[in-house]
Amino acid sequence: MARIIVVTSGKGGVGKTTTSAAIAMGLAKKGHKTAVIDFDVGLRNLDLIMGCERRVVYDFVNVINEEATLNQALIKDKRCNQLYILPASQTRDKDALTKEGVGKVLEELSKDFKYIVCDSPAGIERGANLAMYFADDAFVVTNPEVASVRDSDRMLGILSSKSRRAEQGDEPIKEYLLLTRYSPARVKVGEMLSVDDVQDILSLHLLGVIPESQSVLNASNSGVPVILDEQSDAGQAYSDVVARYLGEERPHRFIEEEKKGLFGKLFRSK
Amino acid sequence: MSIDTREPAKPVLEFKNATLNVPVLILHSANLAQIEHQLLEKISQAPDFFKHSPIVLDLHDINSHDLSLDVQTLIELLRTNHFLPVGIRGGNDEQNQQALTLGIPYHSSQAVTHPVSEKKVETLKPSVTIEQPAEPVENKFINTPVRSGQRIYSRGDLIIAATVSAGAEIMAEGNIHVYGALRGRALAGVQGNPNSRIFCSRLEAELISIAGNYKINDEIDSDNLNKPVQIFLQEHALIIESI
Ligand SMILES: Nc1ncnc2c1ncn2[C@@H]1O[C@H](COP(=O)(O)OP(=O)(O)OP(=O)(O)O)[C@@H](O)[C@H]1O
Ligand SMILES: [Mg+2]
Chain A
25 MARIIVVTSG KGGVGKTTTS AAIAMGLAKK GHKTAVIDFD VGLRNLDLIM
75 GCERRVVYDF VNVINEEATL NQALIKDKRC NQLYILPASQ TRDKDALTKE
125 GVGKVLEELS KDFKYIVCDS PAGIERGANL AMYFADDAFV VTNPEVASVR
175 DSDRMLGILS SKSRRAEQGD EPIKEYLLLT RYSPARVKVG EMLSVDDVQD
225 ILSLHLLGVI PESQSVLNAS NSGVPVILDE QSDAGQAYSD VVARYLGEER
275 PHRFIEEEKK GLFGKLFRSK
Chain B
9 MSIDTREPAK PVLEFKNATL NVPVLILHSA NLAQIEHQLL EKISQAPDFF
59 KHSPIVLDLH DINSHDLSLD VQTLIELLRT NHFLPVGIRG GNDEQNQQAL
109 TLGIPYHSSQ AVTHPVSEKK VETLKPSVTI EQPAEPVENK FINTPVRSGQ
159 RIYSRGDLII AATVSAGAEI MAEGNIHVYG ALRGRALAGV QGNPNSRIFC
209 SRLEAELISI AGNYKINDEI DSDNLNKPVQ IFLQEHALII ESI
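These protein sequences, in sequence, are chains A and B. So the first sequence is numbered by this note's numbering: it starts at 25 and just counts up by one. So the second sequence is numbered by this note's numbering: it starts at 9 and just counts up by one.
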């Protein structure tokens with residue numbers, strides 16, 4: 025049986041797709057057969073971030089509508105043979121997804137895969153609800169600003185009441201916090217919430233802090249999940265996240281400012 | 009998929025007797041205008057609690073006073089106010105018939121048209137649910153955070169051993185205890201109990217209310233914010249006291 029992970033947030037543009045691509049690749053690189061599904065029907069871009077946009081023939085909606093088999097639609101990653109991508113349709117709208125259809129696809133994938141990563145669209149509507157409905161684990165992607173934290177809180181409420189696990193009275197979805205686009209320098213001058221501020225509001229298990237990093241943009245532009253850029257801070261942070269998720273203990277990094285010049289030292293608060 | 013009819017079918021359904029807790033609306037007057045007025049008042053104290061709430065109408069009292077009531081209009085009134093009437097009891101034949109035509113079953117255990125002594129009914133059919141005179145209050149205990157957009161209602165006390173997020177709403181007919189930061193809306197004594205109180209380990213609430221007397225965050229004395237406090241009513245004024 026596969027473990028189904030939803031990468032969700034409520035708010036848009038916080039780094040869900042970046043995260044989905046990174047952790048799917050990370051899990052696969054550790055030898056776990058992993059599928060990553062783009063639930064953002066109509067606005068697909070997971071395939072771009074994964075660098076397989078030119079290899080899309082069939083998509084998630086085709087499989088749901090039984091116009092293609094799962095095997096026809098799954099794209100095998102060229103860098104890691106344990107990783108498969110199920111792209112979203114660019115030409116349909118979100119109503120093409122049905123609970124029954126999504127359930128069937130996940131069930132079929134579950135037979136063969138160890139992890140299924142669901143990249144949720146923004147919002148709290150149909151697409152997002154279906155992405156989280158069948159989940160076992162939720163990675164709640166949050167940026168250190170008030171609106172994003174509030175939306176994550178709202179999403180957590182939905183996870184705990186509207187998921188399959190909630191409806192069937194099973195053990196609740198495991199919720200993890202992923203704080204992304206974190207900039208210690210901006211936290212220091214009060215332009216961003218700190219890790220502690222966010223934790224205070226959300227009281228969630230912190231899986232990792234991903235720094236704001238140019239490497240993410242470079243990675244997206246070249247279609248390489250940032251976790252493969254082992255030199256980069258964001259890539260290392262995502263590696264830590266995957267390791268922690270798999271049970272390893274690793275200290276949190278990238279929470280404090282890196283370079284501390286004389287000025288930084290003088291004004292260090294801790 | 010096709011169903012194999014040779015195999016003995018596994019049962020896919022069963023009937024069971026269950027005793028459900030359903031609010032009962034006991035009427036003491038047949039004056040529909042008065043009823044509506046007081047109903048709206050109750051609803052305004054806990055709008056979300058009453059929304060889509062099932063309800064049983066108890067006509068025992070008005071019938072014993074020979075007051076005549078238009079059941080159909082009353083049921084329509086309840087439905088427009090988002091109640092879901094699921095039964096009437098204590099009705100006479102005509103009222104029962106009216107209810108039935110609106111798809112609402114009647115319960116004859118206390119009907120005035122069958123003046124069977126209640127005791128006898130009880131001994132003959134112990135399974136008939138007869139309202140307990142004093143139902144034990146049900147307190148509610150929650151130990152996970154109450155998130156933005158969530159609403160919790162308790163008919164007794166409400167005890168939350170976690171934070172209550174901004175944008176969440178917690179309501180209790182009795183007291184509210186929050187062992188964590190209270191950032192959302194907290195309404196105690198929503199059925200009008202002026203003696204109910206709110207306790208929290210950190211007051212950051214958007215709104216606090218006891219028996220309908222409320223304060224919004226802006227009106228809370230900043231000395232009390234971010235502190236452990238208790239909140240109670242004194243001569244219709246909300247008092248916030250640090251603890
Ligand atoms: N750690 C980071 N550092 C810098 N930029 C980042 C980081 N994470 C994400 N971004 C950038 O933020 C933008 C949004 O990222 P992404 O597409 O992953 O978000 P999303 O949550 O999937 O958005 P949507 O809600 O539209 O699906 C992208 O331009 C991405 O490159
Ligand atoms: Mg996305």
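None of these hints come from the bench; they were simulated from the model. These figures come from a predicted structure and were not determined experimentally. By construction, the Cβ of each residue, glycine as well, lies at the ideal position given by its N, Cα and C atoms. Honestly, I wouldn't trust all of these hints.
[Unchecked claim] For each label pair, taking beta carbons as the anchor points, the in silico distance ranges come out as:
no., chain 1, residue 1, chain 2, residue 2, range
1, A, LYS135, B, THR88, 45 to 55 Å
2, B, ASP69, A, GLY127, 49 to 59 Å
3, B, PRO62, A, LYS186, 15 to 25 Å
4, A, GLU280, B, PRO62, 52 to 62 Å
[Stated by the list, open to error] Facing chain A, a subset of chain B residues (Cβ under 10 Å, in silico):
no., residue
5, THR88
6, ASN89
7, LYS148
8, VAL154
9, ALA170
10, THR171
11, GLY175
12, ALA176
13, GLY188
14, ALA189
15, ALA219
16, GLY220
17, LYS223
18, ASN225
19, PRO236
20, GLN238
Verification of the hints:
1. A:LYS135 <-> B:THR88: 45 to 55 Å: holds, 51 Å
2. B:ASP69 <-> A:GLY127: 49 to 59 Å: holds, 51 Å
3. B:PRO62 <-> A:LYS186: 15 to 25 Å: holds, 22 Å
4. A:GLU280 <-> B:PRO62: 52 to 62 Å: This hint holds: roughly 56 Å between Cβ atoms.
5. THR88: Cβ of THR88 of chain B sits 28 Å from chain A, so the hint is violated.
6. ASN89: With a minimum Cβ separation of about 25 Å from chain A (threshold 10 Å), the hint on ASN89 of chain B is violated.
7. LYS148: Violated, about 15 Å.
8. VAL154: holds, 8 Å
9. ALA170: Given a least distance of 7 Å, the restraint on ALA170 of chain B holds.
10. THR171: holds, 6 Å
11. GLY175: GLY175 of chain B check passes; min Cβ-Cβ to chain A is 7 Å, inside 10 Å.
12. ALA176: holds, 8 Å
13. GLY188: holds, 8 Å
14. ALA189: holds, 8 Å
15. ALA219: violated, 27 Å
16. GLY220: At about 26 Å, which exceeds the 10 Å cut-off, the nearest Cβ of chain A leaves the hint on GLY220 of chain B violated.
17. LYS223: violated, 22 Å
18. ASN225: Not OK, violated: ASN225 of chain B not within 10 Å of chain A, min 15 Å.
19. PRO236: violated, 16 Å
20. GLN238: violated, 22 Å
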